[in-house]
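There are 2 protein chains.
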Amino acid sequence: MSRKAVVLLSGGLDSTTVLAMARARGFSPVCLAVAYGQRHAVELERARKVAQAMGAPLRLVHMDLRAVGGSALTADIEVPKDRPAEEMAHGIPVTYVPARNTLLLALALGLAEVEGATDIFIGVNAVDYSGYPDCRPEFIHEFERLANLATRAGVEGQHFTVHAPLSGLTKADIIREGVRLGVDYSLTLSCYDPDPQGRACGRCDSCQLRRKGFTEAGVPDPTVYVEGAP
Amino acid sequence: MSRKAVVLLSGGLDSTTVLAMARARGFSPVCLAVAYGQRHAVELERARKVAQAMGAPLRLVHMDLRAVGGSALTADIEVPKDRPAEEMAHGIPVTYVPARNTLLLALALGLAEVEGATDIFIGVNAVDYSGYPDCRPEFIHEFERLANLATRAGVEGQHFTVHAPLSGLTKADIIREGVRLGVDYSLTLSCYDPDPQGRACGRCDSCQLRRKGFTEAGVPDPTVYVEGAP
Chain A
-12 MSRKAVVLLS GGLDSTTVLA MARARGFSPV CLAVAYGQRH AVELERARKV
38 AQAMGAPLRL VHMDLRAVGG SALTADIEVP KDRPAEEMAH GIPVTYVPAR
88 NTLLLALALG LAEVEGATDI FIGVNAVDYS GYPDCRPEFI HEFERLANLA
138 TRAGVEGQHF TVHAPLSGLT KADIIREGVR LGVDYSLTLS CYDPDPQGRA
188 CGRCDSCQLR RKGFTEAGVP DPTVYVEGAP
Chain B
-12 MSRKAVVLLS GGLDSTTVLA MARARGFSPV CLAVAYGQRH AVELERARKV
38 AQAMGAPLRL VHMDLRAVGG SALTADIEVP KDRPAEEMAH GIPVTYVPAR
88 NTLLLALALG LAEVEGATDI FIGVNAVDYS GYPDCRPEFI HEFERLANLA
138 TRAGVEGQHF TVHAPLSGLT KADIIREGVR LGVDYSLTLS CYDPDPQGRA
188 CGRCDSCQLR RKGFTEAGVP DPTVYVEGAP
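Protein chains in written order, with the working numbering: chain A, -12 to 217; chain B, -12 to 217.
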């Protein structure tokens, strides 16, 4: 029997690729989607479809980060659009959600303990990304140390591993790997500000990084954009 | 103007004492209570009363850990009663909630960033406690390291400090300190399995540790117990 692993799944391009990679590595994935009050909650419906298409169970946890706020994704702050690449390459944008990946990984850790898993997969990457501090390899490494101190399983001698297999990859690399593994990217949604039907804006940082990835990978972009998107 | 600090407040004896200590150290506390699906959610009402009595603002965040389960506090598992002291001194009981303190601290960290605070207070103690791994000083220390890697504020050169001022104290020490600072313990609730009116069972580990603390401190126990409690 293959080992269980908890895979954080947002329904976006990165986490969907990670799900396929976890399976290709022989794990039996348990997906975890988190409804944290994100502006683009329509992504959760995509997470459900992706998990279903890949035959993996999905657990959904609610956590109200709107009560904390402080981000364009969880408060009434506008999502930046049409930012030039040079600007996107520097600084931390307002779409940063304070402590989000710490929270997502902590939920994955709790679920892993309950499921008897010691492997956690997260789709952070630190090349074509938004400069979020909690996507960097040093953060992931530090969380792994914490996981082993925080838990009953850790105290009892088990060892948690946090896998971030996209860490050193460009968006094009990620897409090529996903295509190789048979991922259907038409199911995924990366946009921070989609319309209610889940059509991508084409202009936020996430849409721009995604589109550039498809172009560079030479893979047709299956994303459905709103009318008038660039 | 005094510096803001985020204080995790459950409405129990420990966190209420910590709130008083944070204020005594000159901080301006912002309390954070978390409704995580705990069996003893009536404690949140006490948190509200405590914060009000101490003149501190309270933020409440919902997070559904029942969707994760795995604990007597968040699933249909019975809360152990009448355990002998020797048994309580060893192992990790079923009231352990997987990754709870990691989650609570991560929420406090997010709120601290939004509030512009870099100090977080948590009422863990590792003497008269239930053996939870995420109450130990090494866990708290590790979380502090993580906090400084996880956040925009950390990247921008600010330094988060996680204060666990009860860490080396016995329950009696904690109560003496609270009494010295004028804490009204009649407002607090420590029981894991109170009745709907918030009366303590007197028999769970938490009730036992609390009662022993009042006895050893020579302070009258103001707790309201259910009828028939030992």
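Since the hints were made in silico from the structure, they are not lab data.
Among the hints, a few may not be true.
Chain copies aren't distinguished; within one or between two, either way the pair holds.
Simulated pairs of lysine to any residue, SDA-like, Cα-Cα distance not exceeding 25 Å [claimed, not checked]:
#1 Lys199 x Ser15
#2 Lys36 x Arg10
#3 Lys36 x His128
#4 Lys36 x Asp51
#5 Lys(-9) x Val81
#6 Lys199 x Ala22
Here is how each hint holds up against the structure:
no., hint, verdict
1, Lys199 x Ser15, "neither (32 Å within a copy, 47 Å between copies)"
2, Lys36 x Arg10, "within (17 Å within a copy, 49 Å between copies)"
3, Lys36 x His128, "neither (30 Å within a copy, 40 Å between copies)"
4, Lys36 x Asp51, "both (23 Å within a copy, 22 Å between copies)"
5, Lys(-9) x Val81, "between (35 Å within a copy, 23 Å between copies)"
6, Lys199 x Ala22, "neither (28 Å within a copy, 41 Å between copies)"
Violated hints for the displayed structure, listed by number in ascending order: 1, 3, 6.
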